[in-house]
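Peer 1: Just so you know, the sequences run in chain order S and H. For the record, in the first sequence the residue sitting at position 67 is 67 according to the numbering used here, with numbers rising by one throughout. Count along the second sequence from 1, add 113, and you get the number used in the numbering used here.
Calculated from the structure, these hints are not laboratory results. Since this is a predicted model, take the numbers as computed values, not measurements.
Quick look at which bits of chain H chain S covers, simulated, 3 or more residues with Cβ under 8 Å:
1. 150-156
2. 212-221
Partial list, derived from the structure: chain S residues whose beta carbon lies under 7 Å from chain H:
3. S31
4. S33
5. G42
6. L43
7. F45
8. E48
9. N56
10. G101
11. F104
12. G105
13. S106
14. G107
Ideal Cβ positions, reconstructed from N, Cα and C, are used throughout, including at glycine.
Single-letter residue listing:
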Amino acid sequence: KAGVTQTPRYLIKTRGQQVTLSCSPISGHRSVSWYQQTPGQGLQFLFEYFSETQRNKGNFPGRFSGRQFSNSRSEMNVSTLELGDSALYLCASSLTGISNGYTFGSGTRLTVV
Amino acid sequence: EDKVVQSPLSLVVHEGDTVTLNCSYEVTNFRSLLWYKQEKKAPTFLFMLTSSGIEKKSGRLSSILDKKELSSILNITATQTGDSAIYLCAVEETTSGSRLTFGEGTQLTVNP
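For reference, chain S alone in the conformation it holds in the complex (with noise of 0.2 Å):
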């Protein structure tokens, strides 16, 4: 049984620049949550997508956004980079979302040079 994808595994961005993350769950999976890791702040809550809505958003700017797909893969974007998003961004993928239990993935490591 395939586990939660990342892609890209890393990547370097500019100030000023955007980037777009993508994750796909586990099979028969539609939720899918996003975080950040930070060393300072630890994990925190982006926003969860369920069956292509937005049912969950945490307290990150407008800068952060994301999206979800029919077949239950979602991207998050963040537009306008600043050195501050430099982060591990983790997605988790779980069967409704609710007391299912959560299956990350490995996570995008986004530098912000």
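Since the structure of chain S is already known, use the hints to place chain H on it.
Peer 2: Below, chain H alone, put in the same frame as chain S:
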């Protein structure tokens, strides 16, 4: 604001030791508490504890939820170098859908 606090933040032990990691939470509408192990990048699931299942065990690892004290412990017996990792505690609330609130994590180092 909802809060999850883990202690200690870091711990160094020798192989064979037993360790206890702590997690306390202050959330309004508790649904479940989850433990994850993070070695390189992907946190891997260890346990989920709810009010209907307050103790879980898997091999050398076990976890207990104390709903009265709003806390949980993760025990690892006969530690091995492969147990070296960051252990994350997260809480799920009934009112926040699928949002997990994580603690800072405990960095465990097991020396041979």
